[in-house]
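Engineer: Start from the sequences, fold in the hints, and give me the full structure.
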Amino acid sequence: MSNSETYPAPPPPSAPQAHTLLARSRQDRVVSGVCGGFADYTGWDANLIRIFLVAATVLGFGSPLIVYLAAWILMPVNDWQ
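So for the sequence shown, our numbering puts the first residue at 53; every next one is plus one.
Please note that the accuracy of each hint is not assured.
As the list claims (entries may be wrong) - Label-pair restraints from in silico Cβ distances:
1) 94 / 115: 49 to 57 angstroms
2) 64 / 99: 30 to 38 angstroms
3) 115 / 62: 45 to 53 angstroms
4) 115 / 63: 40 to 48 angstroms
5) 58 / 115: 27 to 35 angstroms
6) 64 / 95: 42 to 50 angstroms
7) 78 / 119: 16 to 24 angstroms
8) 124 / 96: 47 to 55 angstroms
9) 83 / 63: 38 to 46 angstroms
10) 118 / 59: 51 to 59 angstroms
The set of hints was computed from the structure by calculation and includes no laboratory data.
No experiment lies behind these values; they were computed from the predicted model shown.
Positions of the beta carbon are idealized from the N, C-alpha and C atoms, including for glycine.
Structural biologist: Have a look at this one:
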């Protein structure tokens, strides 16, 4: 290898993604759409969020059920998609 080798230029940065608002999902809902909306907001899988929520509730970590109910009341419904 010599110092005169050229490497291809890195690809240009991608355009910034549009920031979505945290809102309950109408399409990805089991009970109220809170987990589906959080999944849309974070880019995670909604089923993993649901599993984590159930496991945390069963194992007694804090009060995730109360947080879920509060999110159900406070989060708007995603009507713009």
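Engineer: Could you run down the list of hints and mark each one as holding or not?
Structural biologist: Taking the hints in turn, this is what the structure says about them:
1. 94 / 115: 49 to 57 angstroms: Taking Cβ atoms as reference, residue 94 and residue 115 lie about 21 angstroms apart, which means the hint is violated.
2. 64 / 99: 30 to 38 angstroms: Given range 30 to 38 angstroms: holds, Cβ gap about 34 angstroms.
3. 115 / 62: 45 to 53 angstroms: holds (47 angstroms)
4. 115 / 63: 40 to 48 angstroms: Given a distance of about 45 angstroms, which is inside 40 to 48 angstroms, the answer is holds.
5. 58 / 115: 27 to 35 angstroms: violated (59 angstroms)
6. 64 / 95: 42 to 50 angstroms: Check failed, 22 angstroms falls outside 42 to 50 angstroms.
7. 78 / 119: 16 to 24 angstroms: holds (21 angstroms)
8. 124 / 96: 47 to 55 angstroms: violated (19 angstroms)
9. 83 / 63: 38 to 46 angstroms: holds (42 angstroms)
10. 118 / 59: 51 to 59 angstroms: holds (54 angstroms)
Hint check: violations occur at hints 1, 5, 6 and 8; the rest are consistent with the structure.
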